[in-house]
Each structure stands twice: as structure tokens, then as C-alpha cells.
Amino acid sequence: MRLSAIDLHLTLGGAAILKGLSLDFEPGAVTAIVGPNGAGKSSLMSCLAGLRTPDRGEVRLGDVPLARRAARARARRIALMEQSPQIAWAVDVKTLVGLGRTPFLGARGLAAEDHAAVARAMDRADVARFADRPVTHLSGGERARVLIARALAGDPQWLLADEPLAELDPGHQLDAAVLLRGLAMAGKGVVVTLHDLTLAARLADRVVVLAGGAVIADGPPRTALTPAVLAQAYGVEARLSEGRGGLLIDVTGRHG
Amino acid sequence: MRRVPTVTLVAGLILLVLVLGMISLMAGRVWAPFSAWSDRTDPRWAIVFLLRLPRTILALAVGAALGLSGAAMQGYTRNPLADPGVLGVSAMAALGAVLTLYLGSAASQTWVIAGGAMGGAFIGVLLLMALSGAASSTVTFVLAGVILNTMAAAGVSLALSLAPNPWAVNEIVNWLMGSLADRRAEDVTMALPLIVIGCGLLLLTGRALDALTLGESGAKSLGVDLAATRWLLAAGVALTAGASVAVTGVIGFVGLVTPHLLRPLVGARPGALLAPSAVGGAVIVLIADILVRLTPAASEVKLGVAMAVVGGPFFFILLLSRRRSLA
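Taken in sequence, the protein lines are chains R and L. For the first sequence, our numbering gives the first residue as 1, with consecutive numbering after it. For the second sequence, our numbering gives the first residue as 1001, with consecutive numbering after it.
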């Protein structure tokens, strides 16, 4: 099902964060949302996940406005990974991943199929080895992978992830990128925000550049990420070249 | 520490409650062994069934109420320092109860005091949530608790200084210290149903409290209705803490200590902590009440005071051990 943002306006504390933003997301692709700090990336993600209601405009999943769907039904279809959230208690890894099954639970708690889904998610995110360790004892990268597993445990149609790769080492970054690409290949929709432009260019099928609460470029990485767009969005000079693994974006200095 | 299945843990604690319950009926100034229970003409029969039985039931109910509301508040605030006492809900309940003093003769009715206490507790929970706001950090919650405790204490002092007569003052000061002595069967019939309903409401929050491990937006993204959780919690805490304060006065630290002791045993999951904390709180209050009864003193040491003497240092140690993670 298509996820669409239609003319989103959002004001927080007097500041206009999103200014009439419209975007359609198709399943089966990885979309990267990039942009400078304060561009509205995280606000857009929480609107897309249905956590925040825009002041004007709406988000639709399929043909139904997200606000009209029941919270549980929405949570089964859309998983949101926040950027390094606080984990309040020293629960073990499989309990935390199990929280991803919350929208599916009946009165009796985790059933056999929930346990199976949790085990699958832990395998895919490569965290099964420390299933019994408390999350508070994990390194930043391990924790980030556990949170990926948490998001996968609900087998969502849409995965919205805010900076999912930021805390990972290059090896696990690559693994996570393969995992996200695999989800898209399997027909799921994946929307990620990223700061690393080279990573965005290599991971995503489509890059949306946000600045000041509006879309300033949208398309395949090579069309969206141009020196002119980067100068406008970030105020930097950048040189683009072809590397062995794809596009390389080299920020050379401040613009102008 | 090894994780114990919740069912085993609760069953074990219930067994403990049964044993302690028997001891509680036997122990006190007058020793009443099991053999004295069946003979109605024995004066000890009256002691066991008219004095100690209501007292034991109240100890269990109040302990369960305080343990469970502590566990639920800790889960909701994601803060191991939360409980009705620390966050000022018990103090607000006490203020509500003391204010019923001004209703004149109606105030002698148990249910009027209970209503006042529950009203106070409910307002306390709502103020707490309003003061701490959506972005609730440990610090804002504890500060909100300090504000509530201070306001409630000032209100109680004011009410006492304006009290209609000195006997009323004496009565209230005694009651505020928290005690289970001389409780009657009607205290039980008034408080028990309220506490049972309140505990039922709080037990419903388990799934939401689990999801709150990931923070408020994390829980919302998992489809949890936080507004409903907030109302369940407010009503549940108002009923449990309010009814407890109404019959026994303020007994602190049970809600703080019980979840803290049991948390490692349930693998820290806040939802799994609820039921064990209820039974565990009952165990702790019953043990404390038995000890208070057996302490040789001219007049019985108040349970609330005894709890504070033991609980204060415990709270201190808890704060010290958490200094790293709070900094």
C-alpha cells in the first residue's frame, strides 16, 4: 500500500517546521530523506508514522487517512525506529525485540507465532547471539541492531527509520544496508533519514532532499544529489565522483 | 540475577503471605496459638477474629495497594524513584482526608474520609502529570513530587492550626503517622473493595507499561493508547493510594522498595513487575506490622514511622547507587 503525505503543514513552538510538504512513497523501494539539521526530517517521520498530527494536510496509507485508522492497526503496518531512543529498563534483548509484537498481542501475551517472529527478527538483525543480555550492557552498535530487530519483529509493510545506521561500524552498516535493501526487494516500503550523503546515494533508490520544511530535490540519487542542490540545502561545495561502490560525495568546503 | 517466571514468583509470595497471615493472627501482646482459635468462649478468640483478623486483612490490602501503585507509577514514569509517597500523591490524599475535618459530624463517617483521601490522591496524580508534562524526565517528576509534598504538608499544617478543637488535632496527628492499630471490620468493608478495583485498573496497564520502555513516542508507535493508560493509572492510583491513606494514614516507602527488590527477579519488564509487587507489598507491610506489634514499648510504635525509619536509609542508598545513571 502506498504511503502518501499530502500538503503537510506543521508548526512547533511558533516555528514552521513543515511548509506544505507533499510526497508519495511506493513500496518496494528504499527512500532516503536527507537535509540539514532542523530541515524537518524527524517531524516528517513522526507525521508519517501517525505519531504527530499535522496542523494541516494529512498522511494516507492506501486510500485511508492515517488518522482514521485505529492505532493498533496502524502500528501493525508501520514500524518507526526513532533515533537512539532511551531504553528505560534493563530488559534483556529478546524482551525488547518482543515489544515489537505489541500491536499483535491478545490477552495472553506472546504466543508461539510471536516468539517465532521475534526469533526471525533477531536472526535477521544478527543479534540472536546476545538474546539474553540486558540491553543496558550493549555497545551502541549492538543496541542499534537490537532496535532494528525490534522494528522487524512486527513484520511491518512500512519501515520508517530515523538515522538507523548512525551508530554502526562500517561492517554492520553494510549488513544493515543489505537488510534494508532486502526488505525493499521483498516488497516492503523503507523510508530512512540519513546524514551520510554517500551512504544515502548508495543505499537508496530515491533521495528526497529537505530544507526549511520543503522538498528541494526528489529523485534517483544521481538526479537529486547535485552540487547545486547540496549548495542550496547545506551551504556547502561538494564534488561528486564515481567510486567503486557507487556515487562518492566529497564535501570540499563552505559555499560562497 | 536469575529470572523467575512471574507465576512461580507470585505463587511463592502468596505462600509467604499465607504463612505470615497465620503468624499475624497469633502474634502480639497476647500470644494466641492455633488451639485457641476454635473456642469461642476463650477471650483470645475475640482478639484473633475481631481485632487481628481485620488488622491483618488491612495490612495485606494496603501493602498490595502501595506495592502495586508504586510499580505502576515507576513503570509509567520510567523512574525507579517513583511511588505515591515520593511523588506526593499520599500527601495529597492525607490533605484531602484532613480537610474533611471541616465537614463537622459527617467527618466521623469512614466513607467521608475515604472520599476526601481519594479526591486528594486523584488531584495529586493529575497535578503530577500536568507538572511533569509530556517530556517527562526523572528530574521533572521528582521536582513535581517535591512541589506536591510541600504544598500538601503546608495544607495539612494550615488545617491543623485552624482545627475546631484540640482533640481533633490529636486524632489527626496520630492518624497521619500511619498505623494499623485498632482497625475495625467496617474499615475493611470500606477500603477492601476500593483497593481491589484500583488494583484491577492498575493491572490493566501492564502491556502499555512494557511498551513505554521505549519511551512515549516508542509506545505510541506500537499502537498503545497513552491517554487511556494515563486515566487508568490516575484512577487506579487514586483508588489504591486514597483508600489506603484513608484507613491507615500515610505509610511510605512500600511502593518504592517493593518494586525495586523484585525488579531483578522478573527481568526488569515493568508489566511483569505489577502482580509480584502487589503481593510483595502485602508481605512487607504484614512483616512490618507484626514486628511493630512485637516491639516492646510503652505504646505501640506507629507503622508509618517504623517504615520511614527503615525506608529512609534505603531510599538514600538507592539514590547513591543511581547517581551514575542520573548524572
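To be clear, the hints were calculated from the coordinates, so they are not data collected in a lab. Please note that the accuracy of each hint is not assured.
[Said to hold, decoys possible] Selected chain L positions facing chain R (in silico; Cβ < 8 Å):
| no. | residue |
| --- | --- |
| 1 | ARG1044 |
| 2 | SER1217 |
| 3 | LEU1222 |
| 4 | LEU1265 |
[Claimed, not checked] Think about it this way: if two alpha-carbon atoms lie no more than 25 Å apart in a straight line, the pair counts; the simulated SDA-like pairs of lysine to any residue are:
| no. | chain 1 | residue 1 | chain 2 | residue 2 |
| --- | --- | --- | --- | --- |
| 5 | R | LYS19 | R | HIS9 |
| 6 | R | LYS19 | L | VAL1007 |
| 7 | R | LYS188 | L | SER1217 |
Heads up, the beta-carbon is just placed ideally off N, CA and C, and yes, glycines get one too.
Taking the hints in turn, this is what the structure says about them:
Hint status for ARG1044/L: violated, given a least beta-carbon distance of 46 Å to chain R, over 8 Å. Checking SER1217/L against chain R: minimum C-beta separation of about 5 Å stays under 8 Å; hint holds. The beta carbon of LEU1222/L is positioned within 8 Å of a beta carbon in chain R (closest approach about 4 Å), and the interface hint is therefore held. Here the hint on LEU1265/L is broken, as its CB sits about 13 Å from the closest CB of chain R, past 8 Å.
A C-alpha spacing of about 5 Å is found between LYS19/R and HIS9/R, which places the hinted pair at or below 25 Å, so the restraint holds. Taking the CA atoms of LYS19/R and VAL1007/L, the gap is near 53 Å; set against the 25 Å cutoff, the hint is violated. Between LYS188/R and SER1217/L the CA atoms are separated by roughly 23 Å; this keeps the pair inside 25 Å, and the hint holds.
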